[in-house]
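Asks: Letter by letter, the chains look like this.
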Amino acid sequence: MTGPPAAHSPDTELEHLIEEEEFLEAQPFDLLTVPVIGPLLRWRHSRTFLQVPLFVVSIVMIFEGLLGPTLSPKNLATVLTWVHFRGALVLAILCAGNLFCLSCPFMLARNFMRKWIHPRFTWPRRLRNKWIPIGLFVAVLFCYELFGLWSSPWLTAWVIVGYFAAVLIVDGLFAHATFCKYVCPIGQFNFIASTASPLEVSVRDHEVCDGCRTKDCIRGRRELSSPLVILQRGCELALFQPAKVGNMDCTFCLDCVHACPHDNVGILSRLPGEELMSDPNRSGIGRFSRRNDIAALALVFCFGALMNAFGMVSPIYIVESWLKRTLQFQSQATALGILFAAVIVVEPALLLGLAAWITHAWAGVKNGWLAIAVRYAYALSPLGFAMWLAHYGYHFFTGLYTIIPVTQNAVARIGWPILGDPQWTLVGLPKTVVEPLEFGFLLLGLAGSILVAWRLAQEDSEKHPVRAFVPWGVMCAILFFCCVWLMTQPMDMRATMGAG
Amino acid sequence: MLAALPLLFTPGCRKPANDQGDISIEESIAPQPVRAGTETITFRLTNRSHQPVAGARVQVEGDMSHPGMAPVFAGAREIAPGDYRAPLNFSMGGDWVILFHINLSDGRKVERQMDVKGVESN
Ligand code: SF4
Ligand code: SF4
Ligand SMILES: [Cu+2]
Chain A
0 MTGPPAAHSP DTELEHLIEE EEFLEAQPFD LLTVPVIGPL LRWRHSRTFL QVPLFVVSIV
60 MIFEGLLGPT LSPKNLATVL TWVHFRGALV LAILCAGNLF CLSCPFMLAR NFMRKWIHPR
120 FTWPRRLRNK WIPIGLFVAV LFCYELFGLW SSPWLTAWVI VGYFAAVLIV DGLFAHATFC
180 KYVCPIGQFN FIASTASPLE VSVRDHEVCD GCRTKDCIRG RRELSSPLVI LQRGCELALF
240 QPAKVGNMDC TFCLDCVHAC PHDNVGILSR LPGEELMSDP NRSGIGRFSR RNDIAALALV
300 FCFGALMNAF GMVSPIYIVE SWLKRTLQFQ SQATALGILF AAVIVVEPAL LLGLAAWITH
360 AWAGVKNGWL AIAVRYAYAL SPLGFAMWLA HYGYHFFTGL YTIIPVTQNA VARIGWPILG
420 DPQWTLVGLP KTVVEPLEFG FLLLGLAGSI LVAWRLAQED SEKHPVRAFV PWGVMCAILF
480 FCCVWLMTQP MDMRATMGAG
Chain B
0 MLAALPLLFT PGCRKPANDQ GDISIEESIA PQPVRAGTET ITFRLTNRSH QPVAGARVQV
60 EGDMSHPGMA PVFAGAREIA PGDYRAPLNF SMGGDWVILF HINLSDGRKV ERQMDVKGVE
120 SN
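As given, the protein sequences belong to chains A and B, one line each in that order. Residues in the first sequence are numbered from 0 upward in steps of one, following numbering that gives the first Met the number 0. Residues in the second sequence are numbered from 0 upward in steps of one, following numbering that gives the first Met the number 0.
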């Protein structure tokens, strides 16, 4: 790093000032250089250090969910999962990056297991895509509505137990980070959402990588005398730092940071969403425009946000009963199934199909409509993320303090009332504060989506960028108004099945 | 630890520890259908021999089925021996659970619960 330039004539001084400014602009912020946080994250055991508290909390949640109060607002499992954890996860992604995966308690259990159990298989080639986690993601959203998971501490606890079991089975059988990359629905949610994060695990100086012979960031380091002993893992998600682009598939595990012998990997700042504005070849992923599965994930992420919010407002009950009356059936699962198909499959297919066709026909973009739809699908993820933020942020902020009485109650129930009587009237921030925040999130998301679509359109059609952009801009606007409409509906959370 | 978990296959016990089996509650809520806003909850407490239980102090608490929402509270008034009434302000639509925190005149504490599903939004 250079010091301040020495002053000469006014001209050279000006030049130096400009240079310095450019230099400062070009130097991204690096979280690893921040006092306290930096050294903590660079410590070899930082991930374990962050995972242990979450692991302990999840074990407490399992016990509390199975044995504690049956009333959801009084149980730690439901309050922490559906109010605090979801909100904290999206807020962390907004303010920093994929911090949940960094401190993932499931990975702590897995790493512990892998001390003894060495997986013998590699994940089948045909499954090395996002279709399984997309299915799981939709299944989780569907079960959430159908069984009213939020209202049942018992089911919530079993979801956590199921997650641990799935991680241990998959990663007990298959090598590398199979679960994270090809199965985990939370992970895929985080990956797509963190394309809008301000931070990214990234190479500090590409020239250093050019001269590097060992490539430890991907290969890891092994004991020289016995190569079976791993001293430090390389990236288990198959992301090779010098060719890594953006946050997709990155769990922020920091293995690459620890592995790089040249200390050349940092957690650097970048423009949120920037990685969506171009289509480079990404290490471990390829080009976004060739990944129909990841585009589908982005769409499910976006339209799933709408569906999940729709599930908690009054109009859904009107629609459901109308469906049942018109189509003459009783089953709640069928009604929800039709709604899910309409919102998560039919709606995006129609909207994107139409927009892609217009882009093709009107702006003269050469690609076929599917290729165009895939390419622009990613532009929707900032708006989708905004909807998750608005929704989960709402629960997080309006229910922020509920953790206090619930913890007081839990501690008192084990016969140790050191925290005093539960203050059940403690709830959270007033709606007057939270609502402007929500709309702020949505506006940010809209701006992000529009910007991404515009950049893609500029690249696609030199002659008619506006024509290429308009259908996508209109679609973003439509979705934005859907989000705003949803957030202004009266909330009406009913557990549709007999859970709770 | 995890190995013991399959033993926990049934939802946790439904009755709070301080429950007294000899007190019954018969409750009703009006007007119907229940909408967000103030509703009147009327209930009768009886003992094992079906005699009204007078002189209890009852605090009524309403919780949403969704965590993180504000609970609502109301004190109940005894309108006739063993008959009580409380105005409860349902702050929003959705599934509610009503808890009756009952302090009997002999000092015992009893809890009862009532589900009010599908309160309609305004
Ligand atoms: S991908 Fe899933 S299992 Fe892996 S670190 Fe993230 S949340 Fe944990
Ligand atoms: S090792 Fe891979 S997944 Fe972990 S932080 Fe580095 S790039 Fe991300
Ligand atoms: Cu909600």
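In short, the hints are calculated from the structure, not lab data. Some clues are possibly wrong.
As the list claims (entries may be wrong) - If the Cβ cut is set under 7 Å, some of the chain B residues that face chain A in the computed set are:
#	residue
1	62
2	65
3	69
4	70
5	71
6	96
7	110
Each residue gets a CB set at the ideal place from its N, CA and C atoms; glycine is no exception.
Asks: Next step is simple, just say for each hint if it's right about the structure.
Replies: Status of each hint after checking the structure:
1. The beta carbon of residue 62 of chain B is positioned within 7 Å of a beta carbon in chain A (closest approach about 5 Å), and the interface hint is therefore held.
2. A cut of 7 Å between beta carbons decides the hint on residue 65 of chain B: the least distance to chain A is about 4 Å, and the hint holds.
3. Taking 7 Å as the C-beta contact cut-off toward chain A, the hint placing residue 69 of chain B at the interface holds, the least distance being around 4 Å.
4. Because the closest C-beta pair between residue 70 of chain B and chain A is about 6 Å apart, less than 7 Å, the hint holds.
5. Because the smallest distance between the Cβ of residue 71 of chain B and any Cβ of chain A comes to about 10 Å, over 7 Å, the interface hint for this residue is violated.
6. Contact between residue 96 of chain B and chain A, as hinted, is supported at the beta carbon level, the nearest pair being about 6 Å apart and thus within 7 Å.
7. Interface restraint check for residue 110 of chain B: the shortest CB-CB distance to chain A comes to about 11 Å, outside 7 Å, so the restraint is violated.
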